[in-house]
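Using the sequences provided together with the hints, build the complete structure.
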Amino acid sequence: MANAAVRGSLLSVGLAGALCALAAQAAGDSHVVPGSRAATLKHCVAPTPFMRRKHMELILHQRDITVHTGVRSTKYSINDCVACHVSYTAEHNPIPINGEGQFCDTCHEYAAVHLDCFECHATVPVPAPKNGVAGDRHSGLAREPLPGSVALMGSALHPEVPGEGKRP
Amino acid sequence: MKETSERIDQERRAFIGTAAGVAAATVAPGVLLYTVAGAQPRSEPATGAVRWGMLIDTAKCADGCTACVTACDEENGLNLQQKPEGESQEKWERQKSVWIRKVQVRDNLSGRISNLPLMCQHCEHPPCVDVCPTGASFKRADGIVLVDRHTCIGCRYCMMACPYKARSFIHERVEHKLSLVPRGKGCVESCTLCVQRRDLGEASTACADACAREGHKAIVFGDLKDPESPLSRLLASMPSRQIREDLALNTGVRYSNV
Chain U
1 MANAAVRGSL LSVGLAGALC ALAAQAAGDS HVVPGSRAAT LKHCVAPTPF
51 MRRKHMELIL HQRDITVHTG VRSTKYSIND CVACHVSYTA EHNPIPINGE
101 GQFCDTCHEY AAVHLDCFEC HATVPVPAPK NGVAGDRHSG LAREPLPGSV
151 ALMGSALHPE VPGEGKRP
Chain Y
1 MKETSERIDQ ERRAFIGTAA GVAAATVAPG VLLYTVAGAQ PRSEPATGAV
51 RWGMLIDTAK CADGCTACVT ACDEENGLNL QQKPEGESQE KWERQKSVWI
101 RKVQVRDNLS GRISNLPLMC QHCEHPPCVD VCPTGASFKR ADGIVLVDRH
151 TCIGCRYCMM ACPYKARSFI HERVEHKLSL VPRGKGCVES CTLCVQRRDL
201 GEASTACADA CAREGHKAIV FGDLKDPESP LSRLLASMPS RQIREDLALN
251 TGVRYSNV
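Chain order of the listed sequences is U and Y. My numbering puts the last residue of the first sequence at 168; the count rises by one with no breaks. My numbering puts the last residue of the second sequence at 258; the count rises by one with no breaks.
None of the hints are false.
Ranges between beta-carbon positions, derived for each pair:
1. Glu100(U) x Arg241(Y): 50 to 58 Å
2. Gln104(Y) x Thr89(U): 46 to 54 Å
3. Ser114(Y) x Val113(U): 52 to 60 Å
With a Cα cut of at most 20 Å, we get these calculated EDC-like pairs of lysine to aspartate or glutamate:
4. Lys96(Y) x Glu74(Y)
5. Lys75(U) x Glu44(Y)
6. Lys83(Y) x Glu93(Y)
7. Lys96(Y) x Glu119(U)
8. Lys165(Y) x Asp73(Y)
9. Lys75(U) x Asp199(Y)
10. Lys185(Y) x Glu93(Y)
11. Lys165(Y) x Asp148(Y)
12. Lys185(Y) x Glu85(Y)
13. Lys54(U) x Asp116(U)
14. Lys185(Y) x Asp116(U)
15. Lys60(Y) x Asp107(Y)
16. Lys185(Y) x Glu119(U)
17. Lys83(Y) x Glu172(Y)
18. Lys102(Y) x Asp73(Y)
19. Lys83(Y) x Glu119(U)
Stretch-level coverage of chain Y by chain U, calculated; a stretch enters the list once three of its residues show a Cβ under 8 Å from a Cβ in chain U:
20. 43-51
21. 141-148
22. 176-184
These are computed hints drawn from the structure, not numbers from a lab. All residues carry an ideal CB built from backbone N, CA and C; glycine is no exception.
Rendered as structure tokens:
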């Protein structure tokens, strides 16, 4: 009887641990790719948890405004997403943002949500920005004072959230 | 009876236009404007205070010159198109996207030949917008006729409706595209009057610039509603015509010396 109780509690602890690990992988850790411009910023154009849940709605709304009224100066822009989140090879060639292990791919793969944006939109900034630094539109965003380090999206905003401060 | 059926029903067209306007207006609330120092992308919606258009002087358009076509291809990433493997060259020539076609017209009686670039004419009453079942074909407030590729289902009714054969359909996956000109399989596309340049505040179109660079200056781009614009002055000073005037589409692209 005592054995059964121990086994039961061990099982529940194990299950809880597994769930925590999954949750951490899903939401806690940053998926910002090292070497991207985003990796040098404290957070995106809006707080990270908001961007994680709402980015699709932001660009869905934005696309209608841009296509139908021509407004291109807004905070939300898929070109800026790409310019900021794209990472580079050792030879400074941009890696497609929806490529395996890249920024869009990691979460969309995990969530099993098919990504249609890049059927039409460019996956790297084309033509490549002349100064070698993509998308300086959001230069007003707070920068992380950690040169060459890995980005921690949202860590400044939510330092208390466990898992947000570390990368696997 | 004959007269009734031949009369252009502008009222019906106006109704559809209003519907498009209402749709655009309902999108507008909630816009978060964001101004940036330095670069000046459009921050206010395009308005009907301007109407973009062009005048093409066919007398200045040189036989064999394709500078405008090449410039258009480069501006809009059409030069990045690749022939699908196994496709015949003949079929590819027929199916690849072309936004400007160089056309030669010959007067049968006199034998006089005119060269002209033919692209989307940016009609005031565009037939492509009339027939589009999803609202993807639309006329922007500043007169530019566009395809919203997010809503285009690739039915190609607009291609059949266009009297100028101005539109192309993308048959194959697009591997290479420009950030400012998204293109993808299954959508119809045509000349946008370099809409990305309009929104970034540039003065002209790629084709007009290229034509001027070649020294022909056959294409003049500008605002049809501004009586002081070089385009309006030119239109006021010389005879010009619309292609297929009989359709009463009030095109934004005009031709002289045809």
